[in-house]
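The sequence shown lines up with residues 1 to 688 when you count with this note's numbering.
Estimated spans, in silico, between C-beta atoms of each pair: (1) ILE651 - GLY24: 48 to 56 Å; (2) TRP589 - ARG150: 53 to 61 Å; (3) PRO436 - GLN144: 41 to 49 Å; (4) LEU170 - GLU490: 21 to 29 Å; (5) ASN145 - GLY13: 47 to 55 Å; (6) TYR502 - SER565: 23 to 31 Å; (7) GLU9 - GLY686: 38 to 46 Å; (8) LEU118 - GLU148: 15 to 23 Å.
DSS-like, lysine-lysine: derived pairs with alpha carbons at most 27 Å apart: (9) LYS201 - LYS308; (10) LYS432 - LYS362; (11) LYS231 - LYS201; (12) LYS231 - LYS293; (13) LYS625 - LYS142; (14) LYS308 - LYS330; (15) LYS330 - LYS362; (16) LYS625 - LYS649; (17) LYS308 - LYS353; (18) LYS525 - LYS142; (19) LYS488 - LYS201; (20) LYS260 - LYS293; (21) LYS488 - LYS625; (22) LYS498 - LYS308; (23) LYS649 - LYS73; (24) LYS665 - LYS65; (25) LYS241 - LYS231.
Hints listed in this document are in silico derivations from the structure and should not be mistaken for laboratory results.
All C-beta atoms in this analysis are idealised placements derived from N, C-alpha and C, irrespective of residue type, glycine included.
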Amino acid sequence: MNQQRLIFEYPAGWLLACIVAGVGYAWLLYSAKSPWTKSTNRMLMGVRTVLVTLLAFLLLGPLLKLIRNDFEKPVWVLLVDDSQSVRQGTDSVARNLLRESAADFRTQLAAADYEAELRTLSGTDSLTFSHQQSDLAGAFRKIQNDFEGRNLAGVVLVSDGVYNSGSSPLYLDYRVPVFSVGMGDTTVRPDLAIRNVGYNKVVYQGNRFPLRVEVLASGIVNAAPQVRVRKGGQLIASQTKTSTGAPLAVFDFEIEARDKGVQRFDVEVVPLPDEKNVQNNRYTVFLEVADGKKRIVLIAPAPHPDIKALEAVIQSQSNYEWIVHIPNVKPAPANWQNGQIDLLILHQALNPKMIPFLQQAKSASGGVWLITGYETNPRMFSAHGLPFVFENSVQRDEVTPVLNSTFRDFAFGENTGSLIARYPPVSVPFGKFSFPPDAHILLHQRIGSVATARPLLLTWNENEAKRALLLADGLWRWRLSEFRETEKTEAFAELTGKLMQYLSTREDRSRFRCFPVRPEFSGAKPVQFESQLYNELLEPIYGNAVQLEITDENNRTERYTYATSPGNMRYRIGQLPQGVYRYRATTVWNNITETTRGEFVVNAQSPESQQTTADFRLLQQLSEKTGGQFFTLQNFGGVARTIANTPAKRIIRTDETFQSLLQLKWVFFVLLVLVSVEWFARKFLGGY
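Between the sequences and the hints, there should be enough to build the whole structure, so can you do that?
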């Protein structure tokens with residue numbers, strides 16, 4: 001429903017003055033003797049009265065207020081679990097019944113003055129039941145975010161109740177009822193399943209590494225599972241455990257890492273004679289066998305929470321050796337200044353106690369990361385040979401970090417920038433300062449709500465070694481802030497972990513580089529290679545032919561040829577079977593053959609095959625918690641009938657707009673018609 005009202009900037013008494021002006025002006029003009037009749041004179045006088053009155057009225061600045069009321073219907077979201085576990089636990093009849101019931105559901109809700117929207121876990125509208133994971137909690141979070149501020153009446157979840165990704169949907173807070181529809185087979189059949197395999201992603205050649213296998217026995221009494229570990233098809237370890245009454249059996253193996261590179265180990269629990277689902281009896285492990293750890297040494301004048309925050313990031317990666325030295329607290333590492341360190345971190349780098357270490361760090365061949373503190377005097381930068389000159393040496397500023405979207409030395413996740421932007425402020429030296437022209441800014445400073453071009457964290461090269469500077473301490477606050485908001489520290493770990501990995505990696509001076517965009521690919525996604533070729537000035541070269549050879553574990557080789565172009569430096573290869581692959585890429589530039597080699601992994605392990613028995617109990621608990629109801633697939637029609645019996649409550653949204661009458665086209669044409677009629681009549685009748 002729309003409403004219109006006129007609003008005046010001046011008192012309504014001025015309308016009378018407009019009428020008086022129009023009548024007075026017309027009377028003065030047409031009171032004299034005229035060559036036309038009295039009736040014509042009265043008509044022309046009326047036209048002039050209306051014209052002058054309207055012009056005077058428009059001078060008062062009248063506004064047209066338009067009030068628009070929109071009635072938003074309540075929306076029910078039909079969330080369908082289209083994962084592979086539903087396909088494995090149902091037949092085609094049940095899936096066709098779901099498709100028909102979903103269409104009827106939307107029709108019945110439309111008749112009851114509701115809107116219905118279909119959502120799936122895969123994000124598609126087609127119910128193919130091929131999604132490779134079941135993240136029910138993540139789907140509910142997305143619905144809550146998408147319908148924030150909208151008239152969401154409730155959610156209808158059609159699922160088997162099995163989730164294998166994300167947290168339990170029972171732990172979320174819901175503001176609308178959730179009606180659940182259970183589909184699938186709840187019959188517990190005899191099944192041995194590998195529930196989890198624990199191992200280190202990186203191990204070192206010649207060492208023995210632990211491999212823990214957890215086997216879950218369902219519907220079996222007195223089970224005696226046997227677990228075998230194979231490498232290259234050969235049996236290298238085997239264990240059998242008799243049942244102790246517990247459904248979960250744990251097998252611990254000690255495997256020797258003999259060969260260097262990416263290695264594949266196949267874990268299998270021997271299936272039972274009457275076991276139907278044998279896909280969850282196998283698990284493939286891929287791990288990298290390295291020949292040594294990278295050493296990262298952090299030196300600080302005193303204990304600080306930042307040290308623990310960085311240590312937590314490094315400890316999650318087993319291919320790094322973490323050493324902390326605090327004078328008079330922890331002893332200094334031996335030979336740290338003789339090229340045996342891949343990354344040196346100097347915390348509170350300009351503290352007087354740190355000056356000797358700072359001078360030795362200048363000649364370090366590995367990476368160096370300088371972290372300053374609150375009491376740092378900006379004049380000390382140039383005094384100790386650091387390439388930074390500050391305009392102000394006294395004042396300080398409180399700034400928050402902003403991720404530089406043009407930073408290209410390494411990439412970040414999709415949501416990392418938004419999480420970093422919400423980190424608490426840190427104290428930095430106030431004002432502008434100069435820095436190396438070849439520096440790459442990783443984090444900018446934001447003062448209040450204004451993002452500046454001043455760097456907070458930047459990297460540069462010095463004597464062919466990588467350097468980084470953070471103009472503040474307080475990293476631990478960033479980590480705690482992210483954990484408080486998301487219960488995770490992924491963005492902090494990605495920011496600091498990738499920076500330390502970048503600084504500790506020796507610069508690759510080769511002109512030709514060809515590498516997979518990630519070390520491990522899912523079996524459902526294509527493999528992508530990125531190729532880069534540079535001339536003597538390290539300028540990129542495009543159009544050169546690249547020959548790529550990919551060899552699988554059975555020494556079968558496939559060959560590909562492609563060329564790069566600006567903005568298209570990647571080459572996609574179709575889905576490959578699970579396994580470890582070796583690649584060799586070559587190209588010819590200036591009659592010189594450039595070659596690069598490496599390995600990558602394709603892992604086709606599907607979590608959907610681990611559990612195919614439906615869990616209706618979880619769906620019932622979810623509906624009870626949110627005030628909804630539980631139905632089976634055969635009673636799906638009862639969901640629409642229950643919702644239809646509840647009156648649909650619309651939300652009225654009012655939108656008010658103001659527009660000056662002078663901006664309306666029809667007002668202009670009315671005035672034009674009045675002027676034209678009077679002018680034409682006076683000329684036609686002989687007036688002037």
